Amino acid sequence: MQNNTSDLPKKNLLSAQVDLSKFNADDFRLATDDEKKQQDVMGESTTFFKDGMRRLMKNPLAVGSLIILFLIIAGIVIIPKVCPYTYSQIVTVNGTRDKRANNLAPFEYSKLETQYMQKSGEKLFPHILGTDSLGRDYFIRVVYGTRVSLSVGVVAAIMVLIIGLIYGSVAGYFGGTVDLVMMRIVDIIYSLPDMLIIILLSVVLNERITPYIEGTALAKLGANMISMFLVFGLLYWVSMARLIRGQILSIKNNEYVLAARCIGTSNVKILLRHIIPNCLSVIIITTALQVPSAIFTESYLSFLGLGVSAPLTSLGSLANSAREGLQSYPHRLIVPAVLICLIVLALNLLGDGLRDAFDSKLN
Amino acid sequence: MAKYIIKRVILAILSILIVSAITFFVMELIPGGPFNKEKATSAQAQAVLEERYNLDKPVQVQYVLYMRNILHGDWGVSLKTGRDIWNNITSKFAVSARLGGTAAILAIIVGLILGSLAALTRNKWPDRLIVFFTTLATAMPSFVLATLLLLVFCLQLRLIPVWSPKNPNYILPIIALSLYPMAYVTRLAKTSMLDALGQDYIRTAKAKGVSTIKVIFLHALRNALIPVITYVGPMVAYILTGSMVVENIFTIGGLGTEFVTSITNRDYPTIMAVTLFLAILMVIANLLTDIAYKLVDPRITFN
Numbered sequence: 076m077q078n079n080t081s082d083l084p085k086k087n088l089l090s091a092q093v094d095l096s097k098f099n100a101d102d103f104r105l106a107t108d109d110e111k112k113q114q115d116v117m118g119e120s121t122t123f124f125k126d127g128m129r130r131l132m133k134n135p136l137a138v139g140s141l142i143i144l145f146l147i148i149a150g151i152v153i154i155p156k157v158c159p160y161t162y163s164q165i166v167t168v169n170g171t172r173d174k175r176a177n178n179l180a181p182f183e184y185s186k187l188e189t190q191y192m193q194k195s196g197e198k199l200f201p202h203i204l205g206t207d208s209l210g211r212d213y214f215i216r217v218v219y220g221t222r223v224s225l226s227v228g229v230v231a232a233i234m235v236l237i238i239g240l241i242y243g244s245v246a247g248y249f250g251g252t253v254d255l256v257m258m259r260i261v262d263i264i265y266s267l268p269d270m271l272i273i274i275l276l277s278v279v280l281n282e283r284i285t286p287y288i289e290g291t292a293l294a295k296l297g298a299n300m301i302s303m304f305l306v307f308g309l310l311y312w313v314s315m316a317r318l319i320r321g322q323i324l325s326i327k328n329n330e331y332v333l334a335a336r337c338i339g340t341s342n343v344k345i346l347l348r349h350i351i352p353n354c355l356s357v358i359i360i361t362t363a364l365q366v367p368s369a370i371f372t373e374s375y376l377s378f379l380g381l382g383v384s385a386p387l388t389s390l391g392s393l394a395n396s397a398r399e400g401l402q403s404y405p406h407r408l409i410v411p412a413v414l415i416c417l418i419v420l421a422l423n424l425l426g427d428g429l430r431d432a433f434d435s436k437l438n
Numbered sequence: 145m146a147k148y149i150i151k152r153v154i155l156a157i158l159s160i161l162i163v164s165a166i167t168f169f170v171m172e173l174i175p176g177g178p179f180n181k182e183k184a185t186s187a188q189a190q191a192v193l194e195e196r197y198n199l200d201k202p203v204q205v206q207y208v209l210y211m212r213n214i215l216h217g218d219w220g221v222s223l224k225t226g227r228d229i230w231n232n233i234t235s236k237f238a239v240s241a242r243l244g245g246t247a248a249i250l251a252i253i254v255g256l257i258l259g260s261l262a263a264l265t266r267n268k269w270p271d272r273l274i275v276f277f278t279t280l281a282t283a284m285p286s287f288v289l290a291t292l293l294l295l296v297f298c299l300q301l302r303l304i305p306v307w308s309p310k311n312p313n314y315i316l317p318i319i320a321l322s323l324y325p326m327a328y329v330t331r332l333a334k335t336s337m338l339d340a341l342g343q344d345y346i347r348t349a350k351a352k353g354v355s356t357i358k359v360i361f362l363h364a365l366r367n368a369l370i371p372v373i374t375y376v377g378p379m380v381a382y383i384l385t386g387s388m389v390v391e392n393i394f395t396i397g398g399l400g401t402e403f404v405t406s407i408t409n410r411d412y413p414t415i416m417a418v419t420l421f422l423a424i425l426m427v428i429a430n431l432l433t434d435i436a437y438k439l440v441d442p443r444i445t446f447n
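Order-wise, the sequence lines are chains A and B. In short: position in the first sequence from 1, add 75, done, that's my numbering. In short: position in the second sequence from 1, add 144, done, that's my numbering.
Derived by calculation from the structure, the hints in this document are not laboratory data. Here the structure is a predicted model, which is why all the values come from computation and not from measurement. There could be a bad hint or two in this list.
Here are the simulated lysine to any residue pairs, SDA-like style, with alpha carbons at most 20 Å apart [what the hints assert, rightly or not]:
(1) K151/B with L267/A
(2) K151/B with V261/A
(3) K147/B with L255/A
Here are a few chain B residues that sit away from chain A, every Cβ distance over 12 Å (derived from the structure) [claimed, not checked]:
(4) E195
(5) N313
(6) K358
(7) R366
Heads up, the beta-carbon is just placed ideally off N, CA and C, and yes, glycines get one too.
Using the sequences plus the hints, can you model the full thing?
Below, the structure is given as structure tokens:
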């Protein structure tokens, strides 16, 4: 291409031909290696999960909640290993039970402990939140209470996830009469007042289960906890099942499902390989938001005295027992109450963040 | 419409029946009978008593008899006090209804105002402030809020006297009960208000020169109300269950306290009766909510 643009015929006004007079020879030189490199795609290929996590990490509220949750989880794992006290044991000094170590203020030592420290010169681990009315270290009880509350939330969410996922996918995938019958059952369970039934079942199952679990590993968990899980498993999965069914109904009409069916893939494989991975975002978000709601329910039941059995404790039952000495020891209420709020708040914000991060693909 | 209402009523009756069946058969599971005492009754006396209270009949017959008694207003007697449960429930419920009703109305009105305000001042400081408080309020269980309020205002600051029948002060319990639903209504109202404000008819109204106040109240708010209506049913359920702990904390002698006491006392007939009573209330609230929702907006179909 030479620089003789003036030789070219004048461009017709209506012609779609490229007007060469606007270019010069430089525009048509081959790109150098350096320039070619600029065109290379720098980002690595991303997966669904990575992409969502990247977006989640950009959300300051979600990251903040993740940090708080991480700190709490680290605390409940590490502290019981460091702290010499246990949640069920009355403060013991040098092998003898210190009966007067009850109702200590934060960082206060009992008489016996002070004497022991003066005599041996050894420094005892401080009672960071004092002791309760029975002389048990309150700080470690709060730590164990957080443990119990969080694990109830997580276990309940997983149970709800499993039951809801199986029920919802079967109803959605097979459709027709199966769907109709299964969804009517869901409708009925959905219209039942769940909290009342939970209370009722907790009251009764408690009486009923106790003789059966005595002496087994479940006994430590207590009949109340088992009945709580039973009720979660019986009632709480319905909204999850509904959501998943709705997702599957819309996904199963996609061409790739039809293609998979054409080459003779089994139903189970289609569900597991093609359909469920595509409603993963809904599953992640709903499960994440199920945890705080289960913690809410557990603390509520514990507050009514239907929660974990003593000496095990949860944040709700700690708050409940703190009501007795409310005026004299307000910190015993405030600490578990603030922890419940903090955990639920962090989980809620994390759930919202997950929704923003993972659901944007659907929108 | 009529078909929908009939369908909905049938579902409501069905769920009441199921709740009653669950309550009844679950109560049957409890070991021991009402006449099991430390001092054994003679076999003859036991038989007479069982016949008198139909306890010798099969369980399903007992259930039918129980339901017939319920429908006749005979809800049994309390194991602890020996008083008639139905009279007890109705008198206690009057207190709870006043408390819960005020809390519900407050939650809806304040929630609507805050939600509309947040929508109108989107991304400005009033909106951010409201969002902050609603997020906080939804993370706080009612019992935590109630105990903290009691601690701060009654015990520490002594601004409000502790509740007593002679000197009833409903402010704190109402706040404790209504904060969570209020936050929820605020969120709902904000989203639907934002949605309504973006609609064509709002633009048309503005273009015609309708004043901003009229646009907001006559055009936007009316449509923003619809999603709030759907929340009324769940809100009633929340307030009824929430009032159990809140009443208990403030020592208000309502149905909630009655329920908690009956749980602690293992007073089974009362537990059963109160559960059934509250369940019926909740189911009716849900039924009315659904019907109202459909009446307000005829575009809605439930398919």
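Hint check results:
Our distance criterion of 20 Å between C-alpha atoms is met by K151/B and L267/A, whose separation comes to about 16 Å. With a C-alpha separation of about 16 Å, the suggested pairing of K151/B with V261/A holds against the 20 Å cut-off. Our distance criterion of 20 Å between C-alpha atoms is met by K147/B and L255/A, whose separation comes to about 19 Å. The claim that E195/B is not at the interface with chain A holds, since no C-beta of that chain comes within 12 Å of its own (minimum 26 Å).
Consistency note on N313/B: stated as away from chain A, and its beta-carbon is indeed over 12 Å from all of that chain's, at 18 Å minimum. Remark: the non-interface label on K358/B is consistent with the geometry, its nearest Cβ contact in chain A lying 34 Å away (cut-off 12 Å). The beta carbon of R366/B sits about 28 Å from the closest Cβ of chain A, which is more than 12 Å, so the claim that it is off the interface holds.
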